[in-house]
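Asker: Take a look at the letters that make up each chain.
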Amino acid sequence: MSDANGRFGNSADLFDSRLGPGGRAGVLLPDGPQIDPLKITLDQPDDFDGWRDAARELVMAGVPPMSVVWQVRGEDGELFGSEGAVPPPSGEPMFSVPKPFIDMAKAAICHSDPQRFALLYVLLWKLKANRRALDDRADPLVDRLEKLAKEVRRDAHKMHAFVRFREVAEEGDTRFVAFFEPDHHIARREAGFFVRRFSTMRWSILSPEVSIHWDPATDTLSEGPGASRSDAPDGDPLEETWRTYYSSIFNPARLKVKAMLKEMPKKYWHNMPETSLVAPLIAGARARELEMIERAQANLPQAEAPRPGGNIEGAWAALREEAKGCTRCDLHRCATQTVFGEGPLNPRIFFVGEQPGDQEDLAGRPFVGPAGQLFDAALEKVGIDRSTTYVTNAVKHFKFVLRGKQRIHSRPDTAEIDACRWWQEQERAIIRPPLTVALGATAARSLTGKTLTISKVRDAPLTLADGSECWVTVHPSFLLRIPEEARRREERARFVEDLERIRDRAAALA
Amino acid sequence: MAQLDTREKLAILADAAKYDASCASSGTSKRNSVGGKGIGSTEGMGICHAYAPDGRCISLLKILLTNSCIFDCHYCINRKSSNVRRARFTAQEVVNLTLAFYKRNYIEGLFLSSGIIASSNYTMEQLVEVARSLREDHDFRGYIHLKTIPDADPELVRLAGLYADRISINVELPTAKGLQRLAPEKSEPQIEGAMLGMKGAIEDGRDARKKYKSAPNFAPAGQSTQMIIGADAATDADIVGKASTLYDRFSLRRVYYSAFSPIPDASAVLPLQRPPLMREHRLYQSDWLMRFYGFKSEEVVSAADDGGMLPLDIDPKLAWALKYREYFPVDVNKASREQLLRVPGLGTKAVQRILRSRRFRNFTLDDVARLTVSIAKMRPFIITSDWRPTLLTDKADLKRWIKPEKHQLELFAA
Ligand code: SF4
Chain F
1 MSDANGRFGN SADLFDSRLG PGGRAGVLLP DGPQIDPLKI TLDQPDDFDG
51 WRDAARELVM AGVPPMSVVW QVRGEDGELF GSEGAVPPPS GEPMFSVPKP
101 FIDMAKAAIC HSDPQRFALL YVLLWKLKAN RRALDDRADP LVDRLEKLAK
151 EVRRDAHKMH AFVRFREVAE EGDTRFVAFF EPDHHIARRE AGFFVRRFST
201 MRWSILSPEV SIHWDPATDT LSEGPGASRS DAPDGDPLEE TWRTYYSSIF
251 NPARLKVKAM LKEMPKKYWH NMPETSLVAP LIAGARAREL EMIERAQANL
301 PQAEAPRPGG NIEGAWAALR EEAKGCTRCD LHRCATQTVF GEGPLNPRIF
351 FVGEQPGDQE DLAGRPFVGP AGQLFDAALE KVGIDRSTTY VTNAVKHFKF
401 VLRGKQRIHS RPDTAEIDAC RWWQEQERAI IRPPLTVALG ATAARSLTGK
451 TLTISKVRDA PLTLADGSEC WVTVHPSFLL RIPEEARRRE ERARFVEDLE
501 RIRDRAAALA
Chain L
1 MAQLDTREKL AILADAAKYD ASCASSGTSK RNSVGGKGIG STEGMGICHA
51 YAPDGRCISL LKILLTNSCI FDCHYCINRK SSNVRRARFT AQEVVNLTLA
101 FYKRNYIEGL FLSSGIIASS NYTMEQLVEV ARSLREDHDF RGYIHLKTIP
151 DADPELVRLA GLYADRISIN VELPTAKGLQ RLAPEKSEPQ IEGAMLGMKG
201 AIEDGRDARK KYKSAPNFAP AGQSTQMIIG ADAATDADIV GKASTLYDRF
251 SLRRVYYSAF SPIPDASAVL PLQRPPLMRE HRLYQSDWLM RFYGFKSEEV
301 VSAADDGGML PLDIDPKLAW ALKYREYFPV DVNKASREQL LRVPGLGTKA
351 VQRILRSRRF RNFTLDDVAR LTVSIAKMRP FIITSDWRPT LLTDKADLKR
401 WIKPEKHQLE LFAA
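Chain order of the listed sequences is F and L. 442 is the number that full-length UniProt numbering gives to position 442 of the first sequence; each next residue is one higher, with no gaps. 346 is the number that full-length UniProt numbering gives to position 346 of the second sequence; each next residue is one higher, with no gaps.
One chain only, chain L, in its complex shape (with noise of 0.2 Å):
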C-alpha cells in the first residue's frame, strides 16, 4: 500500500476521534510565549475557535496518534475487528501539524489518544513523546490534554501529567455490567485504579508546589472522563450516581457524556440509531445542577420517573421544582443564594446581580426581568414587590403551562 501523506493520516485520524466528547481548553494555569523560545498562552478561559455543524466546539487538535487497536471493545471503531481503514501518525508529524494549525490561531493546543498498539506503555510512550516533543524543544506553552492508556507502567503517566494540562482515563461506560458486555477486555477496577493513581499524583504535585514553587506543575488542569450514553441499559439515575461517585472519589474536573452514535462498520452489538442528543444534553444540565447550584445527585434522582430517566421535554431544574412545589414560590426580595438558586431559569449570574442589587432596591417583576433571560418561565415560582402567584404552583396542568413549545428537532435547518 502507498504511504499516507499526512493529510490523508489526518481525515483518518480526526475521523476516528470525533466521538470523543472532551473538548474544553479551559481551567489550566495561565501561561504565555513572552521571553520564550516558542509560541503559545492559556489565559484561564479556554477558546473556542471554530464550530462545526454539529454544534460542537473545535477548540483543541483532536486526532488519535493511531486508529490500530489490540483490543476488540464492541462500541469502538477502532476496536480490532473492525474494518476502518488503518493510520499512524509519527510524534514528529503530530509536533508538526499542532505547531502549525497554532501558528495560524486555529487551535488552543493538542488532545491526543490513540488505539493501543504493542503494548500499553509502548503506546504510552508515544503519547508522552509528543507532548514532550511539544514542551521540551519547542517551548510549546499552549494547552496539551493526553489522554492515558488504562494499565500503562504509572511512571509513564506521571511524566504525560508533567508536560499535559490535563490528562484523563474514560469510564466508556456507566454500569459494570455494560463494560462487560461492550468492552470485554477492560474492567472498572482497572479503569478507576488508573483514576486514582492520577489522583494521587495531581495531589502531590500540588502538595509539592506549595512547598516548592519551582516543583513541576502537574496536570494543572486536573483529570476528566467520559461515559457513552444509550449503548447499555443504565437509566439516568444511574449514570448521575455514578458521575457523582466519580467526582467525589477521584476529584474530577469534568465528566464528559457522549451520546452513543452509530458507527460505520459497528459491531452487531451496538443500536443503530441516532444518538440520543436531548438525552445527553439533559445529562449535562443535571450534572451542572450538582457543580454549580447546590444540587445533591439524589435530588437530581429525584426528579426522573419511576424508570429512573429524566424527563426530555423540559430540563431537569424544572422537573424538579415542578415536583418540590412546596418549596415556592421563593421570595426575590428574601430568598437566601441557595433557594434562589433553585428557581427554574435562574441562573447563577442571575442570582448574583439579584443579591447585589437587592440591598438597593424591591424588586419588582421588570427588575428580575432586566436581569434575566427569560421571566415567563419564572412566574410560577417567584414572589417580588408587585407579584405573588400562590394560585399558579398549585395548578395541576402547571407543567403544560410553562414547558416550551415542542419544535421539530433542528436536524436539517439550513
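Chain F with its partners taken away, still in its complex shape (with noise of 0.2 Å):
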C-alpha cells in the first residue's frame, strides 16, 4: 500500500509535473480531427496509483476526456481506442488539487461502476479550471462521484460488520477464516481494518477477487487469488452459541423487521450464521409476546394476592398520589383537586364512571353528589354491596363552565378522555377486576378506545384488551336528566336490569 499518507496524501504536489511522463513509449496524439481515443490500461480495478499516475500525464500533455478510454487488465475492454504513449506535458503550469478530492477519488475508484475513472477524469479536469469546483456539490457530475464514493464506504462498513470468521485447526496453531462478497473492489483498500484489529491473530478473507492473508509471525500482508464460498471453512463450534446470543438478545414485543432490513439487507445472510433465525424469530414473535402477557396474569394474582400492605396496595397508593400533580390535560388547571378511584383493591365489579361534578371535586371522592345517590339506590335494589365494588372516573378532574357563581359541569371531549385514559389503565392494571362496567359512552371510550354507541353495545358484554369482561350501560347522571316522568321510569327499570345482569355475571365469574 503506497503511500496512504505519503506523496499524495497531500494536495499540493499531485500533479508536480516534476515527475515527468511516465515509461509509455512512443506514439503522440494527432493533431487535428480526432481519429481514435486514447486507451489506458490499469492492472487492477482498485488500481487507484495507476489511474493517478496515468491521469496526470493526461492532463499535463493536454488530453481531454473525451479523448481518453480507460480499462482495466483482463475486463472485456471498449472496442475503440489504442493503446498508445501520452504526449509529452504541453507546457501548461501545474495544479494541485485538494484533499477532499484525493479522498473521493480513492474510494470512487474501488466501486464497480465501470465509468468511474472516465468521471475522475473529468472531474480533474474541471479542478483545473477551478480548484473550488468539488464545493459545488449540487453539480451533478460531483453529485454522482459522492456517491459513487458513499456507496464504496457502505459497503466497506458492511465488510467491517458482516465478516464472520470461523476458526480452523492449522498445525499447531489456529486460522480465521472469513468468506465475503462486497459488492465493489474494496477487499484490499480494507484489509487495514481487519490488520489493525486482528494483529495478532492469522487471518484470511477471501472473496471472489482476491484473497487477503495475514500473518502475525511476520507482520506480513499478502494476497491470493479469488475464492468461493465453498473454499471457505464449514461451520464454527461456536456459531450456535452465538445464535442464542442472537436469539435472547430480541424483544419480540417490538419486532420492526423493515427497519432490520434496510441495516442488513438479505445478500449479506449467507455469510452470517445468525440470520438462519430471522424467520423463525419473527414467526414465533406474536406468540411469544402473548404467551409473555399470559403467565404476567397467570402468575400474579397469587404471587402477589391483594394482602394488606402489600404490593399492590403500595402500588396504588402510589398511584394516587401521582395522579394528584396530573397536568396530561388542561382540566387540571379549574379544578380543585384530582378525584381518584376508591374502593377495595380485589372489587368484585369494576365501575367507571365519566367525571366528578361539582360536589366530587370539592369532596375529593367520586360518586358522592346526586348521580351517586342514584347510583347507590340502584346498586341497593340489586342487592350489591357498593363496599365490595371499585368506583372510578374516566376523566378525573371536574370540567365545568362558570355561569353567574355556579360551576356547570360540561362534557370531557375526546382528547381529554384519551388524556386522562391512562389513570384509569393503571388502576385496572394493579386491580386487574374480572369485571369492569362503563357507565355511559365516556367510560366506554376509556376502556376501549372507541367511540361506542350505548344501545348497541348494551345487551352483551365487550371483551377488553386485556381479555377481561366489560359491560357497558347507562350513566346515572343522563337518568336524572329525562325530564318526562314515564321514559324516566322506564330507563330506571331498564339500569336497574342492567345491574342484575352484572351482579349475576360477577356471581358467576368469582
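In case anyone wonders, no lab produced these hints; they're calculated from the structure. Since the structure is predicted, the reported quantities are computational estimates derived from the model, not experimental observations. Each residue gets a CB set at the ideal place from its N, CA and C atoms; glycine is no exception. Among the clues, some could well be false.
Derived list of chain F stretches under chain L, where covered just means 3 residues or more per stretch with a C-beta under 8 Å from a C-beta of chain L [said to hold, decoys possible]: (1) 156 to 167; (2) 230 to 241; (3) 251 to 261; (4) 328 to 336; (5) 392 to 404; (6) 410 to 424; (7) 469 to 481.
Two chains, two frames, a set of hints: combine them into the complex.
Answerer: Here you go:
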C-alpha cells in the first residue's frame, strides 16, 4: 500500500510535473480531427495509483476527457481506442488538487461502475479550471462521484460489520477464515481495518476477486487468487452459542422487520450464522409476546394476592399520589383536586363513571353527588354492596363552565378522555378486575379507545384488551336528566335490569 | 439443580439484558491492536455487527453478570419477587465469551451490567474484575461499557472508568414520583449523586491528560443513561425537560429511551401493553433536535399538545414548523445555517452541502432535491430561485398535505 499518507496524501504535489511522464513509449496524439481515443489500461479494478499516474500525465499533456478510454487489464474492454503513449507535457502550468478530491477518488475508484475512471478524469479537468469545483455539491458530476464514493464507504462499513470468521486448526496453530462478497472492489482497501483489529491473529478473508491473508508472525499481508464460498470452512462450534445470544437479545414485543432489513440487506445473509434464525424469530414473536403477557397474568394474582400493605396497595397508593399532580390535560387548572377511584383492591365489580361533578370536586371522592345517590340506590335495589366494588371515573378532574356563581358541568371531549385514560388503565392494571362496567359513553371510550353507541353494545359483554369482561350501560346522571316521568321510570328500570345481569355475571366469575 | 452450561446461562442473561436500549459503541478514543499482545480496535465510529428482528443493532455482547437481585423494582424482570430463572456468570466466563465472539468479528466489545447481589460494592467489584481481566490479562483493546451500581464505593466507580470506554447508570424513570412508585428502593438523589461523581471523575481524567500524556484515559466515551418510557405518568414534555437537565448537569453523552415493554412475570403495577414504539421514536427525534439542530428544550416542548405529548403522526420538527409558520418560508439561497436547520426534512448534512454549494449557484428546487431525501415535504417551507410557496404556509390543512401516508404498523411484515 504505497502512500496512504505519502506523496499524494497532501494536495499540493499531486500533479507536480517534476515527476514527468512515465515509461510509456511513443506515439503522439494526432492533432486535428480525432481518430481513435487513447486507451489506458489499469492493472486492477481498484488501481488508484495507476489511475493517478496516468491521469497526471494526460492532464499535463492537455488530453481532454473525450479522448481517453479507460479499462482494466483482463476485463472486456471497449472496442475503440488504441494503446499508445501519452503525449509529453504541453507546458501547461502545474496545478494541485484539494485533499478531499484525493479521498473521494480513492473511494470512488473501488466502485464497480465502469465509468468511474472517466468520471474522475472529467472532474480533474474541472478542478484544473476551478480549484474549488468540488465544493459545488449540487453539480451533477460532483454529486455522482460523491455518491459512488459513498456507496463504496457503505460497502466497506458492511464488510467491517458482516465478515464472520470461522476458526480452523492448522498444524499447531489456528487460523480464522472468512468468506465475504463485497459489491465493489474493496477487499484490498479494507484489509488494513482487519490488520489493525486482529493484529495478533492469523487470518484470511476470501472474496471472489482476491484473497487476503495476514500472518502475525511476520507481520505480513499477502494476496492470493479469488475464491468461492466453498473454499471457506463450513462451520465453527461457537456459532451455536452466538445464535443463542442473537435469539435471546431480541425482544419479541418490538418487532420491526423493515428497520432490520434496511440495515442488514438479505444479500449479506448467507455469510452470517445468525441470520438463519430471523424467519423463525419473526414467526414466533407474537406467540412469545402473548405468552409473556399470559404468564404475567396467570402468575400474579397468586404471587401478589391482595394483602394489606403488600405490593398492590403500595402501588395503588403511589399511583393515587402521582395522579394528584397530573397535568396531562388542561382540566387540572380549574378543578379543585384530582378525584381518584376508591374501593377495595379486590373488588367484585370495577365501575367506571364519567367525570367528577361539582360535589365530587369539592369532596375529592367519586359518586357522592346526586348521580352518586341514584347509583347507590340502584345498587342497593339489586343487592350489590357498594363497599365491595371499586368506583372510579374515566376523567379525573371536574370540567365546568361558570354561569354566575354556579359551576355547570360540561362533558369532557375525546382528547381529555384519551389523556386521562392512562390513569384508568393503571388502576385496572393494578386491580385486574374480572368484571368492569362502563357507565355511559365516556367510560366506554376510555375503556375501549373507541366511540361506541350505548344502545348497540348494552346487551352483551365486550372483551377488553387484557381479556377481561366489560359491560356497558348508561350513566346515572343520564337518568337524572330525563324530563318526562314515564320515560324516566322506564330507563331507570332498564338500568336496574342491567345491574342485575351484571350482579349475576360477577357472581358467576367469582 | 444441575449446573447450567455457558450457553444456557447466556440465554438467560442476554434475555434479561434485552430491555436496555443503549448499545452504541462509538465516540471513544481511537486505538488498535498493532504492537500489542491481544486483539481489538476502535476507530471512533461504532460498528453494528448484526440486526435483530426488532430493528435494533447488535454491536456489543450485552449481558448481565447475574440476573439475581436483592432489590424489588416493579419495572424490572430481575426483581427479587420475580419468578424468572436465575443464572450467574463467573467473571472468567464473561471474559472468554467476549474474546471468542470478538475474534470471529461478531461484536465490537462488551456491555456488562448486573443485578445486585450480596451488596452494591461486591457486585461492582465483579463487574470491574471482568473489565480488568480483559484489559490487563488479555490486552483487549475493543469497546467496554460498564453499568455502574448506584451506591457503589466511588473508588470502584473510578476503577470502572479506568478500564471502560463508557460508564452509565440508569435514571430509570423520568419523574421522581414514578421512581418512587416503581423502584421503591432507588431514589433520585442517589442516582443523580452517582452521575455527578462520574462527571467529576471524567473531568478530572481529562484535565490530567492535558497535563500528562501518560495519564489514564478515564471513560473516554463519557457517561450515558436510560429512561423507561410509558411506565409512569410522565408526559413527553416532562421527559424532554428531564433529558435536557441531565445533559446540562451531568454532561451526558447520550440519553437513551426505552419504551416500556411487557415483561414476563411482570409486577402487577405495570401496564401489559405493547411498548409505545412510535413515542420512543419521537423522543429520539426530539433528542436529535436538541443535540444537533440547535433547538432548546422549551422549543421542542412547545411543539407538544396541551397535554404535553408530541404528536405521533408527524415528527417533532415538522410539528414545530407547523406551529411557527411565521418563521417560513426560508430562502435556501440566503438563510443562515440556523434557519436552514429548522426546515422540516433538511438534515445537518444537507444543510452543510447547501452552504458549501451556495457560493457557486443559485439553488433551484431541483438542486435542493438532489441534496436531500424528500423534497415534497420541504417545499412549503422553502424559497428557491424558481419556487416561492407563499400560499402554502397559510393553508389551514397544511398538515394533512405533507403528513406521511398512514400505513399499517409493520408488525407482521415478512
Ligand atoms: S383530567 Fe385526567 S388527564 Fe386531565 S389533568 Fe386531570 S387527571 Fe390529568
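Asker: Tell me the numbers of any earlier hints that the structure contravenes, in ascending order.
Answerer: 5 and 7
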